[in-house]
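Colleague: Protein sequences, first through last, are from chains H and P. Take the first sequence: its position 84, counting from 1, is numbered 113 in the numbering used here, and each next residue is one higher. Take the second sequence: its position 42, counting from 1, is numbered 47 in the numbering used here, and each next residue is one higher.
Partner residues aside, some chain H positions facing chain P, computed with beta carbon under 8 angstroms:
| no. | residue |
| --- | --- |
| 1 | Val-52 |
| 2 | Arg-56 |
| 3 | Gly-64 |
| 4 | Trp-68 |
| 5 | Leu-153 |
| 6 | Leu-158 |
Calculated directly from the structure, the hints in this document are not laboratory data. Backbone N, C-alpha and C define an ideal beta-carbon position, used for all residues, glycine too.
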Amino acid sequence: MSSSSTAADETTTAVHRSIAVEVGQERAFEVFTEGFDSWWIRSHHIGAAEMDTAVIEPRSGGRWYERGVDGTECDWGYVIAWEPPERLVLVWQINGQWQFDPALVTEVEVTFRPDGDARTHVDLVHRHLERLGDAATQIRTVFESEAGWPGLLQRFAASAESA
Amino acid sequence: MGYQATLEVLADPTRRSIVERLHAGPLPVGVLAADLPVSRPAVSKHLRLMKDAGVVRMTADGTRHLYELDLRTLDEVRRYLDGFWEASLASFKDAAESTTKGRTS
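Excised from the complex, chain P in its bound form:
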């Protein structure tokens, strides 16, 4: 799923509210809907769209269906920052070791 679809999904305030609520953990659609100023069928429709875009996914807890944030997106951020800090620390090491003058403890 391309980024344009994802952007479109997140452009909607109700869907952004859903993302915010799911930060705390997985929730069933009923709880999500009770919290939002739109009908339950409308929330279900939003969730379906978000699921197709890979923003949320559905898991089952017994007979209940729960929605949770799809961590693939978070994982990508994590991987990105991992590489970012790896490169940064390597550069720091070079700088520290090339200027060994100065104080030693």
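Only chain H is shown next, with the shape it has when bound in the complex:
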């Protein structure tokens, strides 16, 4: 992982999201990782085929990928920190054109902070978005394209509004 970035940088180059879940820390980590396929939104896949399974392999260096209904696998990135039940760091290598790009390294850090036995605060930071570079502009072209993912965006909007 590279050099430090300032707090000011992070406000423009990272996304922060938190949620409280009414389960213990260990369970929260387990559902997030082992149970990844059970909650990952099915339409969030990059393969040509419909997604069959989404997987986070449970170890440092493990793969993060999807398997399509036709059996093909598409990498999304890999695990760089596997610290159950407290912390998980994934490398996200999906570029602005929704393709795996091995040269692209953005980081998704997820921490699980216990609040008693039956509640956990889950904090997610997706950082180094500046590395999407000119892909940033390409993502916009996907948004604006009618052939893009309009349905997906609508679902995001709906879910954001009902949350």
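Chain H is fixed; fit chain P onto it per the hints.
Modeller: Frame of chain H, contents of chain P only:
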């Protein structure tokens, strides 16, 4: 400015090089040009085009003009991923809370 113009802007290797150099921060045209295998007037012309397409913008540092990446594009990516992770975490919460059996710590 539509996406086709933006794509056209980024289809050019010199302009992509300019975007890469500006990732590190704002630069004056002279520094950008010194780094690139094209003339300074050519770089200025590229920058003008990129400015019109909303890829870069110009700021002033005293009497110097600096070019920087227009963060509107980055901000859109950020907003998009913000919504993406918000929806994903909500789905995770549902899954975690609907399967409360299993270990408790």
